[in-house]
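A.B. asks: Here's the letter readout for the chains.
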Amino acid sequence: MKIGFYPGCSLTGSSREYNESILAISKKAGIELVEINDWNCCGATAAHNLTKELSVSLPARNLALAEKDGMEELVVPCAACYNRLVMTQHELNENGGLKALIADKLQMPLKNNIKILNVLQFLEKYFVPRFEELIKYPLAYDVACYYGCLLVRPNKIMKDERWEDPMSMDSIMQKLGANALDWSFKTECCGAGFSVSKPEIVGELSGKIVRNAVDRGAKAIVVACPMCHSNLDMRRPAIESYLKRNVDVPVIYITEAIALAMGITSKEAGINRHFVPVNLTVNR
Amino acid sequence: MSKIGVFICHCGENISATVDVEKVAEAAGKLEGVEFSTDYKYMCSDPGQTIIKQMIKEKGLTGVVVAACSPRMHEPTFRKACAEAGMNQYMCEMANLREHCSWVHDKSDATTQKAIDIVRTLVEKVKHNKPLQPIKVPITKKALVIGGGIAGIQASLDIANAGHQVILVEKDPSIGGHMSQLSETFPTLDCSQCILTPRMVEVAQHPNITLLTYAELEKLEGSIGSFKATIRKKAKSIDEKLCTGCGLCTTKCPNKKIPSEFNAGLGLRTAIYVPFPQAVPNKPVIDKENCTYYQKGKCKLCEKTCPTGAIRFDQEDELVEIQVGAVVAATGFNVMKTSEFPEYGYGKYKDVITGLQFERLASASGPTLGEIRRPSDGKIPEKIVFLACAGSRDPAKGKPYCSKICCMYTAKHAMLYQHKVHGGQSYVFYMDIRAAGKNYDEFTRRAIVEDEVNYIRGRVSKIYEENGKLIVKGVDTLLNAKPVEIEADMVVLASAGVANPGSEELAQKMHISYDAYNFFAEAHPKLKPVETNTAGIFLAGACQAPKDIPETVSQASGAAAKVAILFSQDELSRDPAIAVVNRCAPPLFSTCVGCFMCATACPYQAIGEELITDRQGNVIKRVAKVNPGLCQGCGTCVAFCRSKSIDIDGYTNEQMYSEVMALLNND
Amino acid sequence: MTEFEPKIVAFVCNWCTYAGADLTGTSRIKYAQNVKIIRFPCTGRIDFMLLLKAFSEGADGIIVSGCHPNDCHYTSGNFHARRRWITFRGLLDLMGIDVRRIQYSWVSAAEGAKWADVVNSTVTTIRELGPYTDYAKVANYLEKEANV
Amino acid sequence: MNKEDLSFKVKQATNVNVRECYQCGKCTAGCPLAEQMDLRPSVIMRMLQSGDEQDMDNVLRSYSIWLCLTCETCYSRCPMELDIPKIMDYLRQRSLVEGKVNSKARNIVSFHKSFLNTVERNGRLHEMGLILEYKMRSGKLLQDMTTAPGMFTRGKLSILPEHIKDKKSLSRLFKNQDKNSK
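Chains as they are written, first to last, in the numbering used here: chain Z, 33 to 316; chain U, 3 to 669; chain L, 975 to 1122; chain X, 6 to 187.
These are computed hints drawn from the structure, not numbers from a lab. This one's a predicted model, so the numbers in the text were calculated from it and none came from an experiment. Hints may be right or wrong, so weigh each one.
Stated by the list, open to error - Okay, the calculated beta carbon distance ranges per label pair:
id : chain 1 : residue 1 : chain 2 : residue 2 : range
1  : U       : L191      : Z       : N125      : 50 to 60 angstroms
2  : U       : P503      : L       : E1117     : 53 to 63 angstroms
3  : L       : R1002     : X       : R24       : 14 to 24 angstroms
4  : L       : F1053     : U       : P78       : 22 to 32 angstroms
5  : X       : T151      : Z       : I189      : 51 to 61 angstroms
6  : L       : M1069     : X       : R24       : 44 to 54 angstroms
For each residue, glycine too, the CB sits at the ideal point set by N, CA and C.
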């Protein structure tokens, strides 16, 4: 089976493990993810902070290319890219004038009706129904599922029926044999785009998140967003200096968790690339 | 040849401000068949009516058009005036220049022209009006009151004390409603049950009141003066005559873990239960959903223990039909549940409760016997936070309205907390303090100044749990929007007052209108606050909109007074706008061909058949016949009649066609 | 040049929409002057021949409005009206009258604002459709009906 | 509304009517950065309502509009469903156009600019390039000296940027942008 795939820039760089793990599990499940031909950066925070038009035109180019490649569904693992793409699709459907202007600049047709899936929707649709056959080794840990902002907000557009206390990732982890803890910071902001420009703010915001997870007894924090991951994992020093204590709780991508449970090695899943060592094992 | 008088009202400036009334009067004067036309500042005033009467006499008018406000407002007034001048009242029609013209358009020639068109239309109608005689219907001097809360109790007692029979229907096993759940009442802090229970007993003992608890309205037919109500008496599984209310059965019932409705889910009850000790009637009912016998087929412990053998498992719902002349709807309200607040935890935090639940905690008859203890672990909260406007004034939650009572009861709650928990700290997050009412503002001030409740102006964005505390993330908008975070032990949501579940269906059963939030609609926002659009049905209490006890009681007495006024007459003259099958000379007798399409269309089974016979008694023709007693005048039959043989007085085909033509030919 | 001002007749029931339109007034909500109301006891009373009559007399558009489903003061009048309306649409097509010239709506006694919207939106629609000119045709049809 | 008034321009650009705000403060209460802000979200909404020249100027010169992370919490919980993040986007863009960027926000802006530049050059983000350029612009040469090597050894930093093939179509997007497009 072939499904459209938009990795986004982070997955080619600082979040390679996310890319490697999603490709690894898809391969093993016999699902082929086809990259959009010649895709470009979605513009991320920078674009919509500085220029309205780029914040729409950059994602729009990818949507147009995906249509050109004849894709009906597009998997976007990076929550930030996912958010930008969905927002763009929404904008363009709301604002006819803008759509015309952009299509004109793209010089490509744009139906703007492609189905965009975030990683959770992708897993629910193509993996969860096949867990019986796919999951070999239960991942028996207490985990805190962290969704962040971009998968659930703005709820008027993202349409998660439980946006203040989402459950989709929790239920997937439960099915992997883990115990998804009820905690309070599932959708709090981690500091996102300030990773480089305002690390001290990231230290505080991410620090509060990590603290609540650890206090609830989490042995791992599960994420589905490269920004959340780099802030919680790579920015751990900033977090520890804010919390004034050491915390060694690992931060793993949901796709890595599934990889482990499917019997894929840490190396294949890129888990060795983390800053905070991942000490999770499945008993084989 | 008709001689019609047209009387244009300025309604002070309400009409004349945007409509050139002189011009309208002048134009009306030129219409064919109009004998006289004039304009006056207040037509409904005494001098105004005098003008109409004089002109009817002087000019020998055959018809009158009063161009003023809505007929729903003053049609009776002017028809009465015409009758007094010796004209048949049904020869008087009103042209609605205020609600349908001057109030909804700006001053312009177009507006004046529209006014002229409306007048001309009604003039043409009146030309085809026939003198009619009002239909007299006897009044059944018995009232149906739906809902046994303080509103229904007050209305029932007032009507009963006026000497009329009342049937009070309550859906729960006991009367008392929300008021019986309350701890103490603002602004006097007197105990709610202490002032309510005597009234409940009075209801039970009143010779003029028949109390039907555990019962609901099934169907309502008929109209003012003679309604037929069908009541479903739900099976209590108890023989009330035999039951002494000793309560032995409730002690033996094995199902003891059912959340008690009376304690707003904070206490437990058994499957066979009396909702609360002061219940009226003080006899148990079996809740079938939770009864082991009804669910599993065995148990019957209650039956075995009952000393009088009053348990009746085979009892079934009973439908009773009653004739009443008037209905008072007093079905009350409900509050939003904590589960409806995503940002406050979807109800997953036990110690985030509603104001109604707090009432039970503060009530001496409550699960904690009046001690403020939090549901999760029974600890006494040292820090408590109250959120006003929880759901109210919140379009995003579908409730843009103000629930009106929350500001006061929140102040009361904080006050009670401070009185009961010494050294405790209480906070109230509010947007505005709405304490309009006698001694109300003084009350909220007292809470702030004397009881040292910390009022913080701002809404709360999120409540979450961190090491055993509820973290309340709020803001103080009066301190340059400073974020405020409180580590609370308990949080009380003054959650929005909402219409009762099922109120929509009930309104439909009674044919009364209701608003976008399913609260029952009054007939006029100012002048008919207790009437509904359906004559003979009145409103009392929070089923119309959230309101406090004093307001509810006043409205209930108002409704009762309306009923008493209605019952002060022996018969009622009903609008003669009813259907008639035409008659004509033999051999045709009537153009009716006897297809009886009308009968199938009639919602009231008001159309029967009539056999036309010759002298020898041989049937010549079968035609439709309308029973004037049953016909309500909807006119559906008219639209169904192929041969145009059935017509409806007051809205005849002739009248409607001439209206259409007049309306469109304005050149 | 002056804009085309459509003539629109509103056939409304006394209990819901007429009262609703009263509320529009009491709430002082402004709307277009083009619509004039004729009061019926119930939409069930409305004989659709009356609508054709209106067209034959030069109406450009018509509003038929009564109680919401289940809210009919007479229990079922509005259902009868709705059912008849459905068959009537066929007849309209037959006569070449654009169905959009008739706005069929429900406005309750508590929906003052909605009435203003119904009126304004109808006026806009009819403006777009332009004046109705073919009344002779309708008149003839009514002639025939009368002679049946 | 006065056409010169910023609140009017906001309405035009974002379709949000700031007059609907009744100052409940829920946006500020939920904002993760309210503590750090000089003007909190609800205060900015109030200032937009006032229509006062000085207020408008202060809003555009504020640090807050650059601190906003677009986490969308305010919008998701606003009882009036006012899209404050959209307003923030607009205010940032105006502040930039009118040259009123708050001095404390300079490195945030230069980060965003560096980001867009690498995208304009390569079509995709080149993190190494971004960090280097950002250091040049912000002068924060020593920051991240600790993490960068770590990223490198973990294969998270590639020396050479990835390029897209069709650069033309991309540069079209960057050229003559409609500055006040809605």
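A.B. asks: Identify every previously stated hint that the structure contradicts and give their numbers, smallest first.
C.D. replies: Hint 5 is the one this structure does not satisfy, whereas the remaining hints hold.
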